[in-house]
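Assemble chain A onto chain Z, guided by the hints.
Chain by chain, the residues run as shown.
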Amino acid sequence: MHTARRSIWFWEVGSMRQHNVVDDYLSAVCRQIRWKKAHGAVAEEIRDHINDQIEVFIAKGTDEAAAAEAAIREMGDPVETGTQLDRVHRPKTDWPLLAMTALMVVVGLILRSVSIGDPFFESFKIQIGGKIHSLPIEFISSCGPALIALAVFLIFYFTDIIKKGWVPAAIYIGLTGVAPIISVLAGVAGDRVAYYLQYLLLPVPIAVTALFLQMKLRGYPGLVTSLLLFAVPAADALLIGSTATCVVICASCLAVLTTVVFKGFFNVHKVAGLAIIYAPFVATALIFIKSIIARIQSILVLGPDPLNNFGLRYSLAKSGLTTGANIVAGQDFDYTKLPYYDDTNNLNYLIIRFGWIIFIFVAILVILFTIQLIRNCSKQRNRFGLIVSIAVTTTILAQAVIYIAANLGFMLFTPLTLPLLSHGGLYLILNVAMLGVLLSVYRTDSLSQTRVVMRRQDKSEVQVS
Amino acid sequence: MKNEKNSITGSTSMLLLKLLLERDMYGYQMIEELSRRSQNVFELKAGTLYPILHELEKNGMVSSYSETSDSARTRKYYSITKEGNKFLKEKQDEWNAYSTAVNLVLGGGQHATA
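Residue numbers (this note's numbering), protein chains in the order written: chain Z, 1 to 465; chain A, 1 to 114.
In isolation and in its complexed conformation, chain Z is listed as follows (with noise of 0.2 angstroms):
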């Protein structure tokens, strides 16, 4: 007995050092990688390493405390290695898409200012030594959002807060269940919530990614989860009334689920996999066909529809392009005629106050910012980072789309934003944090692991994440 726990101490002993002396090779290594995110994975593997070299040692009758030694003798100098494996490990940036992002914000800051010809704003003016100033109340006031904007970018962009685990959960049951009911109470209120809620819910796509992640969703099971998933913040939009909010949603859902069904992500058949995604979209096109129709309709002809303003609203607008709007200058249009004046019908103004010279500007922008989006994507070597930024992707084009095509006069649904050009504050803030997830998971898609394999003693393998 005594003999027995002597043994155990020298044992405690011994695999103390045993385990400095590997600790003190593995710091050695990793103090020369500068990104500090990559030592945990790169430590664990030569860890191992180091332990399977130990085994070995140990099993042609060397102590443990020597095999240790003559593990750590075995693999080299720890700063050369460490060198090169900090040239390997860094963090990647994405700089055009960087820069694009920001000249978009800078940008919108811009066009924000200058399209406000309300005389509302004129009452702004300040005497500076005789001279009266009109000052551009909206760029400046737009400043503020756009700093906190910045702020809440860098908080994405640098940290892996959207795969932390409570975070993708509390966002999506926050946004989509908690949001809807405070909605319905409120009552009177309640359109102001759902004003503010048909935007928060466009960030819940990129939640539910997160959640894929988390939920090792698999197989077809994993598939008709992931639809439901996204079809309880498609619901909430139609709840509160925005048909615009549910597309979105709804194009986010397509695009990441035929990802997934084609990177065979989830392990399901091809084909049988895209007819479950589609078969719910397609089912209630046809459902609601006839509305649809109604709807293309409307939008096609010129003057007031039998359905609602969406007809007057438009045909306004465009008899403000089609009559008068010139290359390089606009024209006077009294802008008070066009309802439901604000950040939605922006681009619209300019056209007719500047000339479509500025909507091909715009678009030149919106299309170079898509370019790098969809560059983006296809550099994504890990699965998270590529449905994640397929989702962003999608969410912020589709928005592009509908307002562009809404402010060219072919509005079928009342447009969200033109990302980071049209409004400002917290639609701003939020296109701006989902570009900084996606630049964030960018950034870090080297450290992601795959796949994790359980082996059984069988030999067969088990997919576990």
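Quick caveat, the hints were computed from the structure, so don't treat them as lab data.
Fair warning: there could be bad hints in the mix.
In silico lysine to aspartate or glutamate, EDC-like type, Cα no more than 16 angstroms apart, as pairs [stated by the list, open to error]:
hint, chain 1, residue 1, chain 2, residue 2
1, A, Lys-18, Z, Asp-160
2, A, Lys-45, Z, Asp-343
3, A, Lys-76, Z, Asp-48
4, Z, Lys-164, Z, Glu-74
5, A, Lys-58, Z, Asp-160
6, Z, Lys-379, A, Glu-83
7, A, Lys-45, Z, Asp-52
8, A, Lys-82, Z, Asp-48
9, Z, Lys-92, A, Glu-57
10, A, Lys-18, A, Glu-32
11, Z, Lys-379, A, Glu-57
12, A, Lys-58, A, Glu-83
13, A, Lys-76, Z, Asp-52
14, Z, Lys-92, A, Glu-22
15, A, Lys-76, Z, Glu-44
16, A, Lys-45, Z, Asp-160
17, A, Lys-86, A, Glu-22
18, A, Lys-76, A, Glu-90
Over 10 angstroms on every C-beta distance to chain Z, these chain A residues come out as not near it, computed from the model [what the hints assert, rightly or not]:
hint, residue
19, Gly-27
20, Glu-33
21, Ser-35
22, Arg-37
23, Ala-46
24, Thr-48
25, Thr-74
26, Lys-82
27, Glu-94
28, Val-102
29, Leu-104
Remember, predicted model here, so these are calculated numbers, not experimental data.
Note that CB positions come from ideal geometry on N, CA and C, so glycine has one too.
Relative to chain Z, chain A alone:
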């Protein structure tokens, strides 16, 4: 000196990819297998192996996954990708051309012109 190092890294990459062509392996296995097949000529140090493997993974030549065996030992396995396959084939062709040329030169003056 840098060129020499690059060509050594390049050759080692080629050999590692060849090993992975046959089956997925983890780092320690690769060193053992390389040594065995080369009859102990190539004794690759782990400190050299991992930077090369990680670089291959970064460039999309290999992909990795964590595998847990029943004994609860977790290891990071590497498997070759399509791009890796292509790259290996290119490197093999280059090597064949190179070694043929070297052998021709060293093999004697059988190709002297009249």
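Here is what the structure says about each hint:
| no. | hint | verdict |
| --- | --- | --- |
| 1 | Lys-18/A / Asp-160/Z | 36 angstroms, violated |
| 2 | Lys-45/A / Asp-343/Z | 63 angstroms, violated |
| 3 | Lys-76/A / Asp-48/Z | 9 angstroms, holds |
| 4 | Lys-164/Z / Glu-74/Z | 38 angstroms, violated |
| 5 | Lys-58/A / Asp-160/Z | 20 angstroms, violated |
| 6 | Lys-379/Z / Glu-83/A | 14 angstroms, holds |
| 7 | Lys-45/A / Asp-52/Z | 14 angstroms, holds |
| 8 | Lys-82/A / Asp-48/Z | 28 angstroms, violated |
| 9 | Lys-92/Z / Glu-57/A | 14 angstroms, holds |
| 10 | Lys-18/A / Glu-32/A | 14 angstroms, holds |
| 11 | Lys-379/Z / Glu-57/A | 14 angstroms, holds |
| 12 | Lys-58/A / Glu-83/A | 12 angstroms, holds |
| 13 | Lys-76/A / Asp-52/Z | 13 angstroms, holds |
| 14 | Lys-92/Z / Glu-22/A | 31 angstroms, violated |
| 15 | Lys-76/A / Glu-44/Z | 9 angstroms, holds |
| 16 | Lys-45/A / Asp-160/Z | 34 angstroms, violated |
| 17 | Lys-86/A / Glu-22/A | 15 angstroms, holds |
| 18 | Lys-76/A / Glu-90/A | 27 angstroms, violated |
| 19 | Gly-27 | 5 angstroms, violated |
| 20 | Glu-33 | 13 angstroms, holds |
| 21 | Ser-35 | 12 angstroms, holds |
| 22 | Arg-37 | 18 angstroms, holds |
| 23 | Ala-46 | 5 angstroms, violated |
| 24 | Thr-48 | 7 angstroms, violated |
| 25 | Thr-74 | 7 angstroms, violated |
| 26 | Lys-82 | 13 angstroms, holds |
| 27 | Glu-94 | 23 angstroms, holds |
| 28 | Val-102 | 29 angstroms, holds |
| 29 | Leu-104 | 35 angstroms, holds |
Checked against the numbered hints above, the structure violates hints 1, 2, 4, 5, 8, 14, 16, 18, 19, 23, 24, 25; every other hint is satisfied.
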